[in-house]
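Protein sequences appear in the order of chains A and B. Count the first sequence with our numbering and you get residues 5 to 265, in order. Count the second sequence with our numbering and you get residues 30 to 289, in order.
Take these hints with a grain of salt, some might be off.
What the hints assert, rightly or not - The calculated label-pair distances, taken between Cβ atoms and stated as ranges, are:
1) A:A71 with B:A267: 49 to 57 Å
2) B:P283 with A:R13: 26 to 34 Å
3) B:S35 with A:H25: 16 to 24 Å
4) A:G74 with B:A267: 30 to 38 Å
5) B:Y169 with A:G74: 32 to 40 Å
6) B:G255 with A:D98: 34 to 42 Å
7) B:L84 with A:A101: 47 to 55 Å
8) A:V122 with B:S90: 43 to 51 Å
9) B:G53 with A:R200: 40 to 48 Å
10) A:S48 with B:R108: 56 to 64 Å
11) B:R265 with A:L27: 50 to 58 Å
12) A:H25 with B:G175: 16 to 24 Å
13) B:A274 with A:S48: 47 to 55 Å
Stated by the list, open to error - Short derived list, chain A residues pointing at chain B, Cβ under 10 Å:
14) S18
15) G46
16) L141
17) P142
18) A182
19) E193
20) V219
21) V232
Claimed, not checked - Rough simulated footprint, nothing fancy, chain A against chain B, three-plus residues with beta-carbon under 8 Å:
22) 164-178
23) 201-213
Worth flagging that the hints you see were computed from the coordinates, not collected in a lab. Virtual Cβ for every residue (Gly too), placed ideally from N, Cα, C.
One letter stands for each residue in the lines below.
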Amino acid sequence: MTEQLLVARDLSRSFTSGGRHVLALDGVSLTVAPGETLGLVGGSGCGKSTLARVLTRLVAPEAGSIAFMGEDWLALEGAHLRAARRHMQMVFQDPLAAFNPRATVGGVIADALRIHAVVPRGERAGEVARLIDRVGLPSDLLGRSIRDISGGQRQRVAIARAISVRPRLVILDEAVSALDVSVRGRILELLVGLQRETGVGYLFVSHDLAVVRAVSHRIAVMAAGRIVEEGPAARVIAAPSSDVLIDLIGAVPRLNRNPRS
Amino acid sequence: MTVLVSIADLSVTYRRAPQPALSGVSLDIEAGEILAIIGESGSGKSTLARAIAGLLPERTSVAGRLAWPGLDGAPRAGRDIGYVFQDPGSSLNPVLTIGEQVGEGARRHLGLDRRAAEAEAVRLLGRVHLPEPERIARAYPHQLSGGQRQRVAIAAAIAARPRLLIADEVTSALDVLVQAAIVELLVELVRADGMTLVFVTHDLALASGIADRVAVMAGGRLVELGPTAEVVGLPRAAETAALVAAHIDLATPPLIGEAS
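Isolated chain A (complex conformation) (with noise of 0.2 Å):
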């Protein structure tokens, strides 16, 4: 068995909303090995956005360990803590929220090859140029601001920011969630490519089943705050034993060929 990338044990998080004292994560453990994509499945507030912030230390938990890289990722503080940040990226649904707003496409990924000191200052700019080659993007896009570029193109730059720094994992909210379906098969393939490349683990939450099936080599599900089955994907959609997983099956839209009449 290879060593793990990450190692979660037994997490838990509250919040109190409205009054109401709301678990939103009661005892999760999870891993993710190198190479490997951890699909993370669930309807609305079942806590897997939660769960995306906690192991990207957004939250705190109120218990539990995670291991990274073989270090007490909780315990890291300071300049360690930016230091192996560098290898936990994460891309969320909304790139735009994401991204200063003033920024250009190349400055964004300039800025985390400066931070992280990827490469040598010299070789900066034929890095940006490399990366947004490599996630199919068009290099006269580079001084455009993020704002007068698609959805679907912001989304590469996100990636593109994502994978600029060698991450060893980079954590997907929702990430193909609010695209086009041609735009996100593209995403889909690219993620994918990167993945073989690089051996980069990924965690892919997403309430959408299919999406999730057809990148994941493992499924989690969960619901109120708790992993409710896990497997290699092929396995546990094929013999769902939660309710949750029953239904999210069941609502998975299917082209329907039949005429109705």
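Since chain A is already given, all that's left is putting chain B on it; use the hints.
Frame of chain A, contents of chain B only:
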């Protein structure tokens, strides 16, 4: 079949836009049908829906003709046409109770007094299957989930008993479980009341489950129109074929090999 609205050679150019958003679209919408308008971002599908509803911004240049043979004169927005938008968070008024805004259409268009409109709002909230409609009528939009808010927006849209309901990407912001329930609700309502439904979506599969006919938009043009099974099963336009090919469901071959 009775034609509800007949669209002839419709072109729309937004103010200061270099190119038209719609070019020469001709289409008859039949009374009582569920028509899906499909297309990707920028295809013109929402512009077409807004043009039908008379919701284009001022100083938009519009050429062509919309005729409503089934109505006496031009349709009144809110009365003859109900419109449900993608984001109920921005289409609902945050400072009015749910009951006030759902009842407003009934007061304005059906002439109900305040008390009768309140009762009608509670009835409508029950019709869209919201639990405890009396309690929800007293709540404000921020106290509801996205799926509940979309049910409220649907209740408000049908309050004046319109002939035509336009649902514009109403499930795009919702998770798949809620999405399936909202689609089921729309079909139930239009079939029960004999309403016509125009269902605008980028999701061909979602539309194929409910629509009688599908209109495919691309680059501001109507590229294909026909019965759902024919359009999906034997697409004639390249744009339709691309949408069919991009569909992902549980029978699609995975992009990755199985983990060893």
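Quick rundown of the hints versus the structure:
1. A:A71 with B:A267: 49 to 57 Å: 50 Å, holds
2. B:P283 with A:R13: 26 to 34 Å: For R13 of chain A against P283 of chain B, whose Cβ atoms are near 29 Å apart, the range 26 to 34 Å holds.
3. B:S35 with A:H25: 16 to 24 Å: 57 Å, violated
4. A:G74 with B:A267: 30 to 38 Å: 51 Å, violated
5. B:Y169 with A:G74: 32 to 40 Å: 49 Å, violated
6. B:G255 with A:D98: 34 to 42 Å: At 35 Å between Cβs, range holds.
7. B:L84 with A:A101: 47 to 55 Å: The hint (47 to 55 Å, Cβ to Cβ) is violated, given that L84 of chain B and A101 of chain A are roughly 27 Å apart.
8. A:V122 with B:S90: 43 to 51 Å: This hint holds: roughly 50 Å between Cβ atoms.
9. B:G53 with A:R200: 40 to 48 Å: With a Cβ separation near 45 Å, G53 of chain B and R200 of chain A satisfy 40 to 48 Å, so the hint holds.
10. A:S48 with B:R108: 56 to 64 Å: 33 Å, violated
11. B:R265 with A:L27: 50 to 58 Å: At roughly 53 Å between Cβ atoms, L27 of chain A and R265 of chain B fall inside 50 to 58 Å, so the hint holds.
12. A:H25 with B:G175: 16 to 24 Å: 22 Å, holds
13. B:A274 with A:S48: 47 to 55 Å: 29 Å, violated
14. S18: With a minimum Cβ separation of about 19 Å from chain B (threshold 10 Å), the hint on S18 of chain A is violated.
15. G46: Holds: closest Cβ of chain B sits about 8 Å from G46 of chain A, inside 10 Å.
16. L141: Where the cut-off is 10 Å and the nearest Cβ of chain B is about 17 Å from L141 of chain A, the hint is violated.
17. P142: 18 Å, violated
18. A182: Interface hint status for A182 of chain A: holds (8 Å vs cutoff 10 Å).
19. E193: 6 Å, holds
20. V219: 6 Å, holds
21. V232: 14 Å, violated
22. 164-178: Satisfied; 4 residues make the cut.
23. 201-213: Satisfied; 8 residues make the cut.
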